[in-house]
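Trainee: Read off the chains here:
Protein chains: 2
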Amino acid sequence: MSGPRHHAVADRFPLVDGELSVGGIPLSLLAARVGSTPFYAYDRGLLKARVGQLREVLPAGISLHYAMKANPMPAVVDFMAPLVDGLDVASGGELRVALDAGMDPHDISFAGPGKSETELVQAVASGILLNVESMRELRLLAPIAQRLGRPARVAIRVNPDFELKSSGMKMGGGPKQFGIDAEQVPAALAEIARLDLAFEGFHIFSGSQNLRSEAICEAQTKALALAVRLAADAPGPVKTLNLGGGFGIPYFPGEAPLELSPIGEHLAGIVESAGLHLPGAELVIELGRFLVGEAGVYVARVVDRKVSRGEVFLVTDGGLHHHLAASGNFGQVIRKNYPVEVVTAGSATRQRETASVVGPLCTPLDLLADRMSLDTAEPGDLVVVFQSGAYGATASPARFLSHPAVLEVLV
Amino acid sequence: MSGPRHHAVADRFPLVDGELSVGGIPLSLLAARVGSTPFYAYDRGLLKARVGQLREVLPAGISLHYAMKANPMPAVVDFMAPLVDGLDVASGGELRVALDAGMDPHDISFAGPGKSETELVQAVASGILLNVESMRELRLLAPIAQRLGRPARVAIRVNPDFELKSSGMKMGGGPKQFGIDAEQVPAALAEIARLDLAFEGFHIFSGSQNLRSEAICEAQTKALALAVRLAADAPGPVKTLNLGGGFGIPYFPGEAPLELSPIGEHLAGIVESAGLHLPGAELVIELGRFLVGEAGVYVARVVDRKVSRGEVFLVTDGGLHHHLAASGNFGQVIRKNYPVEVVTAGSATRQRETASVVGPLCTPLDLLADRMSLDTAEPGDLVVVFQSGAYGATASPARFLSHPAVLEVLV
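Chains as they are written, first to last, in the numbering used here: chain A, 1 to 411; chain B, 1 to 411.
Quick caveat, the hints were computed from the structure, so don't treat them as lab data. Glycine included, each C-beta is placed from N, C-alpha and C at the ideal position. Check each hint, because a few of them may be wrong.
Unchecked claim - Pairs of lysine-lysine residues, derived as DSS-like cross-links and limited to a Cα-Cα distance of at most 25 Å, are as follows:
id	chain 1	residue 1	chain 2	residue 2
1	B	K336	A	K336
2	A	K170	A	K222
3	A	K222	A	K165
4	B	K222	B	K170
5	A	K222	A	K239
6	B	K170	A	K336
7	A	K170	B	K336
8	A	K165	A	K336
9	B	K222	B	K239
Stated by the list, open to error - Take a look, some chain B residues computed to stay more than 10 Å from chain A by CB distance:
id	residue
10	E214
11	R229
12	P235
So here's chain A without its partners, still in its complex pose (with noise of 0.2 Å):
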């Protein structure tokens, strides 16, 4: 991409001879080192400078841990391990990269309905927290410390009798599947005491994707209040209370970065009410789409330009079996362009058009870029997806119609 820069989140990835860098490579350089189209690209620089930018406005007395789920690539949790506070599991299987990754078992945490009793085995054997979320569960759990001679780690996952307001995806208040509703969480802890399974705290998780500080904000000082009554009913002190996250990344025309500064100020006072009524508790918040979301794009390259009865359609190497997130399938209602720019090796300014960016599949909903204006594109050339470090490889369907894997690289 020569020329200005058309989206802001570009200016995160710096030109280098006139072209888009990550990790301070030029791009078409990069899909020379990779070897092939379509990658994923993830910059450790951003990752490194988003961690650094929580830290500087977060309080001490804050935990920061990583939501693995947003992107488990091994490399990525590689790096992220050393500069958190601790990483957070959703399956067996991320629990085995959190430990590859060298993470302290006592700063994992693993939460998600539905654990296999080989989940709950592995946990237990491993030594993290588990973020228990029925009453099923905890009855698995005591036979299995008992077996295994460890002690089964337990934080309740309470789904709050409040809701995280302008959430991209509401995961508290109402009936849910997440956790164990708010009124049921004092048998659960007698069931804890009665089972004798080590309590350490709560984990408070009420929706994600959120770009309002203040709704955050007024969540946090729910989810701490909501803590502190439910301990008067703990076998023990509270050790850990998670407050979730919900920081969102902006995606769409129109969305401005979430705040951060009122949210550390306000977590100030929230350590500082915590100090009061959960002493020693150590407050976690945890983040996945926030810290890798933005430091990620997907690259794939134009195989064909076709023009339609009078639109163009850049049809390119990559789509939706590699990014359905992009391709608006999922959890959209309404499908919106992601923010997307053509790269070329040439350093010629290009002109603009309208153009679509397709992908290979036999399907309609293939569709990467809905008419949006970018630089005049040719076969050979590159298109970049920005905003793709979180949700992206692993949220799609790689398998669809057979087409090679997506590679991922960190730079």
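On the provided structure of chain A, position chain B as indicated by the hints.
Mentor: Showing chain B alone in chain A's frame:
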């Protein structure tokens, strides 16, 4: 599932010992045989019956192709290959499976925008028919054919100047990435002549998942008329005309199965007319979903039963990572429930209750049934999602949250 059947589609899977069966095997026994849940099970008898049902109504002179994209499981393709007259592939990966299945390359065709050079080489080397989608493909083919010393067998995939009305997916009409616009076909035919490629005919695919026979008949009539018109400029006789498919299956309440007999009668007229205007041309219809969709079920096991604020959630070991379409996240604008039933090993009649079936993922999108009337279920019971033989395992984000891969069996 004991007691009455609650979905008409369930009747395809008769009760054996009071329990739903696939391929004559009661489901709980099948689950034991597979070894673990979740899995897809496809029924050989139903696949064969569906082909038989079509053969009964299709006139002589219509060839029946299987579009592998709907379900490329090698065992399914192996089973279908001798039952049909040809296979249609959508990638180099599918082509390998088609060849492994022993299908005569003469009867394999390959459509898809953005074919890679490697795929074009594969096609020419194999001797299959390429449904060419752009001028670029034509120009790339000439040197490939020369280098390999093999003819490049080509048909033109036409983006028609009409569309298939009331289709789930429109794939023709208006500006599209698929095929060559009808009005550009004469130029493409001239190019085929100039490049000395082996012209064989046309492929006119206007839409899919249609439940209205009159819409399909109308599209076939228009496709034939268009082919006849375009043939005037062809460098040789039309040897094959692929009329597309579009035959839908009912997924949701209120949808009625497609009526086949009017289509069969209509195709008899098409055959007659083609005999006059395109003498010697093989007429092909290409079906994917219609052949396999109703022959398959997705089976998951209930891991947990939770009551949250008065609503019942059956948490299973399967979910959207295996069956994206059933979760409502694959092209659907409004989420609707697929037909779902609970299957219990016992033969006692269970009470019905309203329950939601969810998966193990940490996202509210992971929903297989939203507040449906189901037999009451307990952990260990099985949940069956019907109408799951097409666009299931391969059209889902298998790696999402790093859960185990889904298994597939042909019974």
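Trainee: Next, verify each hint and record whether it holds.
Mentor: Outcome of the hint check:
With a C-alpha separation of about 22 Å, the suggested pair K336 (chain B) and K336 (chain A) falls inside the 25 Å cut-off, and the hint holds. The suggested pairing of K170 (chain A) with K222 (chain A) holds, with an alpha-carbon distance near 15 Å, which does not exceed 25 Å. With a C-alpha separation of about 12 Å, the suggested pairing of K222 (chain A) with K165 (chain A) holds against the 25 Å cut-off. The hinted pair formed by K222 (chain B) and K170 (chain B) meets the criterion: a straight-line CA distance of about 15 Å does not exceed 25 Å.
Among the hinted pairs, K222 (chain A) with K239 (chain A) is consistent with the structure: their alpha-carbon atoms are about 19 Å apart, no more than 25 Å. Distance check on the hinted pair: K170 (chain B) and K336 (chain A) sit about 19 Å apart at the alpha-carbon level, within 25 Å; holds. At most 25 Å may separate the alpha-carbon atoms for a hinted pair to count; K170 (chain A) and K336 (chain B) meet this at roughly 19 Å. A threshold of 25 Å between alpha carbons decides the hint, and for K165 (chain A) with K336 (chain A) the separation of about 22 Å falls inside it, so the pair holds.
A hinted pair counts as satisfied when its Cα atoms are at most 25 Å apart, and K222 (chain B) with K239 (chain B) qualifies at roughly 18 Å. Distance check on E214 (chain B): its Cβ is at least 23 Å (rounded) from any Cβ of chain A, clearing the 10 Å threshold; non-interface status holds. With 10 Å as the threshold on Cβ separation, the claim that R229 (chain B) sits away from chain A holds: the shortest Cβ distance comes to roughly 18 Å. Annotated as non-interface, P235 (chain B) keeps its C-beta farther than 10 Å from every C-beta of chain A; the closest such distance is 22 Å.
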